[in-house]
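Quick note, the sequences are listed as chains A and B, same order.
Each position in the first sequence, counted from 1, maps to that position plus 10 in our numbering.
Each position in the second sequence, counted from 1, maps to that position plus 10 in our numbering.
Just so you know, the hints here were simulated from the structure itself, not pulled from any lab data.
A few of these clues could be false.
One copy or any two copies: either way a pair holds, since identical chains are not told apart in the list.
Cut-off 27 Å, straight-line C-alpha distance, at most; resulting in silico cross-link-like pairs (BS3-like, lysine-lysine) [stated by the list, open to error]: (1) Lys237 x Lys352; (2) Lys587 x Lys515; (3) Lys587 x Lys352.
Number of protein chains: 2
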Amino acid sequence: MTAASRLVPRDDLAFLLHDWLHVEALTARPRYADHSRETFDAVLDLATTIAAERFAPINRTLDTHEPYVGDDGAVVHPDGLAEALAAYADAGMPAATFDEQYGGMQLPFTVAQAAAAQFSAASIGAVAYPTLALGVANLLVAHGTPEQVATYAQPIIDGRWYGTMCLSEPQAGSSLGDITTRGEVQPDGTYRVFGTKMWISGGDQSLTDNIVHLVLARTAGAAAGVKGISLFVVPKVLVGPDGSPGERNDVALVGLNHKMGYRGTTNTLLNFGEGAHTPGGTAGAVGFLVGEEGRGLSYMFHMMNEARVSVGLGAVALGYTGYRHALEYARTRTQGRPVDAKDPSAPMVPLVEHADVRRMLLAQKSYVEGGLALSLYCARLVDDSLTDPDEAERRRAHELLEMLTPIAKSWPSQWCLAANDLAIQVHGGYGYTRDYAVEQFYRDNRLNPIHEGTHGIQGLDLLGRKVVAGGGAGLALLAETILATTARGREAGGDAEAYAVSLEKALGRLVEVTGILWEGLDPALALANASIYLEAAGHVVVAWIWLEQLLAVSGDSGFARGKRAAAQYFFAFELPKVGPQLDLLASLDRTTLDLDPDDL
Amino acid sequence: MTAASRLVPRDDLAFLLHDWLHVEALTARPRYADHSRETFDAVLDLATTIAAERFAPINRTLDTHEPYVGDDGAVVHPDGLAEALAAYADAGMPAATFDEQYGGMQLPFTVAQAAAAQFSAASIGAVAYPTLALGVANLLVAHGTPEQVATYAQPIIDGRWYGTMCLSEPQAGSSLGDITTRGEVQPDGTYRVFGTKMWISGGDQSLTDNIVHLVLARTAGAAAGVKGISLFVVPKVLVGPDGSPGERNDVALVGLNHKMGYRGTTNTLLNFGEGAHTPGGTAGAVGFLVGEEGRGLSYMFHMMNEARVSVGLGAVALGYTGYRHALEYARTRTQGRPVDAKDPSAPMVPLVEHADVRRMLLAQKSYVEGGLALSLYCARLVDDSLTDPDEAERRRAHELLEMLTPIAKSWPSQWCLAANDLAIQVHGGYGYTRDYAVEQFYRDNRLNPIHEGTHGIQGLDLLGRKVVAGGGAGLALLAETILATTARGREAGGDAEAYAVSLEKALGRLVEVTGILWEGLDPALALANASIYLEAAGHVVVAWIWLEQLLAVSGDSGFARGKRAAAQYFFAFELPKVGPQLDLLASLDRTTLDLDPDDL
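Could you build the full structure based on these sequences and the hints that come with them?
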């Protein structure tokens with residue numbers, strides 16, 4: 011087996027992108043007119059090769075050789091990381107989706123995400139640096155001045171700098187309205203930023219000459235809560251008019267967090283304006299306002315759908331590579347005999363001959379392939395929301411994406427982590443050792459239900475915001491979209507018809523339960539079990555995604571039979587789990603609401 | 011908060027042992043006649059104190075300072091471990107359950123297990139050394155010669171030596187019938203043992219003068235499979251007639267496994283008779299047959315119920331301490347405001363004020379307190395099977411224990427690990443860092459679904475062996491026992507009655523489905539989804555355990571309200587999960603059975 015065989019198989023990507031999502035059709039749109047199936051595939055080939063050859067080999071090293079702060083105060087990374095990231099930049103990966111005017115490839119986000127999956131599968135702790143930076147560049151392109159784009163976004167697009175999103179503070183994690191970092195306006199219109207930021211991934215590193223921090227802070231007299239938050243560009247190193255690095259800005263690394271996993275990526279506590287440096291002889295970190303004061307969080311949230319879909323994709327990639335490792339192991343490792351074998355001296359059989367091992371593999375397959383399809387579907391919605399020639403279609407894609415985003419973030423974070431758990435189990439004792447890769451995937455993936463909005467936050471977003479927005483328009487749109495698929499399923503007959511019937515029933519119940527939850531107009535009661543709502547809705551959505559895949563697959567190849575088996579598994583073993591969840595929600599259960607915390 | 015407050019609360023132990031399991035009544039039996047509630051409680055107090063003061067402080071160190079092999083070939087342990095284990099031995103803990111003739115305390119297993127929970131909660135990687143050794147001493151007391159007991163068991167009971175169970179080999183993990191280690195009989199009746207053993211916890215260490223290995227091996231001409239396996243005592247250091255350590259036996263440490271968690275306990279690959287030493291100038295590790303040839307596995311399995319119940323208890327302890335940590339954090343860390351709060355400048359509230367956090371805490375509580383109660387119930391069955399004055403009761407206790415053992419092993423291994431996952435989630439980003447304890451519990455606990463029979467093996471044991479033994483007598487006994495509880499629940503009225511009705515329904519369906527699975531007499535089909543059967547049966551059993559606790563709790567203290575809330579949670583949120591599982595089983599689903607592994 012090669013390293014590439016442990017990434018996402020190219021045949022699954024080809025099926026999802028071409029047979030199902032028809033990305034080639036995007037080339038009819040002006041933005042992608044220079045592209046073709048061939049250019050898309052070439053990017054995927056290149057990404058797969060670089061991921062397999064440069065990223066996969068360093069993944070364990072990034073875990074065992076955690077970055078640390080050297081004597082000179084600079085972060086020390088293990089060998090190989092800078093070289094892998096250089097190969098990534100040399101291949102133009104950071105510029106994949108950007109406009110030609112910035113030297114970008116103008117690739118569809120869908121194709122870029124498929125490529126990103128390979129890097130995350132190979133070494134998520136390595137690729138996180140440029141991935142996080144892309145969010146910064148995207149935000150600046152969308153909301154920054156031309157000068158800010160040229161000065162701070164362009165070097166990121168070129169792969170020369172990285173960047174961060176500085177939201178959380180020690181006292182304000184999920185509760186962003188409570189941040190206290192402040193930006194003080196100066197006579198020249200620049201700002202000085204003062205405060206401490208927490209959990210900043212890539213907040214310091216020794217890989218690039220500069221780091222572009224996007225920092226949420228309050229200006230003087232700003233409103234309390236989220237409405238008083240502004241966004242600032244705060245570079246680690248100040249930039250001269252010619253773009254050359256100049257004086258050190260007052261951004262200081264306080265410390266690195268030591269995590270259970272995801273260790274290749276530094277995670278930092280940063281001080282802004284605490285006096286470690288005094289740029290221009292004056293106190294405070296120099297910052298530049300992005301857009302208007304008070305709109306900082308809305309700019310951040312503008313990028314949130316892509317960011318959250320990307321977190322989900324990262325979780326998928328970790329689950330997927332874990333599955334590929336487990337499958338390889340189960341096919342080669344022999345152990346025991348079938349349950350009905352009589353002769354104890356007969357040769358042992360490969361693990362994959364045991365039904366319970368097949369169950370664990372098929373569960374993983376249904377989670378990771380379902381998760382990947384969901385992630386790429388959402389990526390396609392991003393593309394459609396930006397470039398569909400029909401304005402109504404653009405709006406529709408945007409609304410459906412809004413609805414699906416909390417699920418695309420949380421579902422893979424839960425179930426592709428569950429896939430990693432099963433990958434360990436397939437390996438038995440070996441899987442629990444650090445001689446095998448799967449335990450690292452499990453540790454790495456455990457971050458995903460926490461960052462970019464915890465599981466609980468996603469539940470509140472879905473049930474408290476997305477399904478009620480526009481008088482329930484988002485949920486209605488999702489239901490309509492799913493029912494279009496089930497209509498095709500009914501027409502197709504056979505298994506597809508049976509699955510369509512099950513899915514319609516589950517969807518109908520989800521819609522009904524949503525009504526029950528909100529009919530009392532009591533948010534505390536409606537949202538008490540929002541996480542369970544999120545999980546039930548997630549399984550309904552992924553069942554739909556599996557029906558979509560079933561309808562897109564054809565022929566009787568092993569690939570096609572595998573897709574059908576995974577769909578069969580999902581409808582037989584997984585979708586039924588939503589029944590009790592929706593019944594619980596329908597009962598307006600008050601157990602957690604009424605619990606006196608002192609009784610715990 | 012003190013270290014003790016993060017262990018199992020004494021009030022829960024008092025409730026379970028005294029109010030529910032009535033351990034004081036055991037003192038009416040001759041074996042425990044010298045005991046009283048006071049002596050039981052004194053042991054628990056002592057265990058809690060030593061665990062909190064000596065074990066908890068070294069737990070993180072054992073994780074960060076993994077044992078390694080020093081230049082002289084000896085294992086190096088971090089500071090503090092030897093001292094903690096000395097305190098454990100000085101308190102007489104290793105002798106807790108043994109006969110007075112061996113210097114034992116003759117404590118009921120139930121009380122000893124409650125004490126053991128505190129050590130596992132404080133540092134499972136430390137206490138595993140003596141815990142594993144107790145299994146060796148127990149086996150020798152049950153099946154060894156008086157001389158073997160005096161020579162090899164007594165030093166373990168005294169706390170001076172440790173011991174191991176050497177079952178697995180590199181090519182034979184779960185498949186014990188395939189071991190190839192051989193024992194060659196010598197003219198003097200001793201044996202020479204040759205082979206390689208894998209996954210041996212505590213297989214080498216520098217904490218005791220000697221290590222007593224119990225080794226499964228084949229003798230010349232033995233039958234294939236499990237019937238040809240014999241058991242040998244193989245000490246690391248040969249023992250003189252006076253019990254003093256003599257020549258080094260040919261047991262060689264090949265290497266230490268590097269695990270995701272549970273790092274304080276060495277896990278080893280051992281060579282027996284490979285020539286690292288030549289005791290008496292002759293090749294082979296000197297071994298002494300225990301009992302008769304060919305009965306090795308049956309001796310091991312004789313101890314298996316206790317061993318598996320103990321694994322479950324270890325999983326419970328890790329889950330429990332994680333819950334206590336999460337509860338402490340959620341009560342003190344402030345973040346955000348209630349979902350219906352309007353004023354963004356109002357003070358933040360403790361995490362525990364959020365319904366979703368309460369849900370995560372209550373779920374943990376229901377898992378860990380349910381798991382602890384199940385573990386102690388099974389321990390009580392061990393005591394009853396050995397000491398109940400009525401022979402029929404002893405048999406009944408043994409049969410019920412046989413039935414419950416796979417569940418007592420696997421259910422906490424699954425759900426108390428889930429509790430650790432939730433404990434991380436309650437901590438948010440902090441929980442993902444190694445500055446907080448919960449991530450280590452999660453890593454430590456991940457071992458438990460693997461060792462002492464994997465989750466899948468437990469499923470096969472329950473559905474393939476336990477429920478069919480004696481024409482279904484085990485399941486009938488379990489059902490009868492549960493129905494006795496539901497009868498009391500119906501009589502009690504209120505919530506207990508409602509829960510009793512739900513439980514009877516779930517139990518009835520479980521029994522019905524068991525019949526459906528076996529009516530075709532096709533083991534491959536019946537057992538295809540044995541793991542899911544195990545999980546459904548586990549939830550039914552723990553629901554019963556929660557009804558038992560509800561019926562045993564009285565008054566309106568915070569403790570009593572907490573028990574009622576956790577019972578309410580389990581019946582509302584957890585028990586309904588078995589519905590789809592049992593429906594799937596009833597459908598005799600062939601998805602995993604018919605899957606061609608090449609299609610994966």
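For each hint, the structure was consulted:
1. With identical chains, the CA atoms of Lys237 and Lys352 are at most 27 Å apart between copies only, with a shortest distance of 13 Å across copies and 72 Å within one.
2. Taking the shortest Cα distances, Lys587 and Lys515 sit within 27 Å of each other both inside one copy (13 Å) and across copies (18 Å).
3. Taking the closest pair of Cα atoms, Lys587 and Lys352 never come within 27 Å of each other, the shortest separation being 37 Å inside a single copy and 36 Å across copies.
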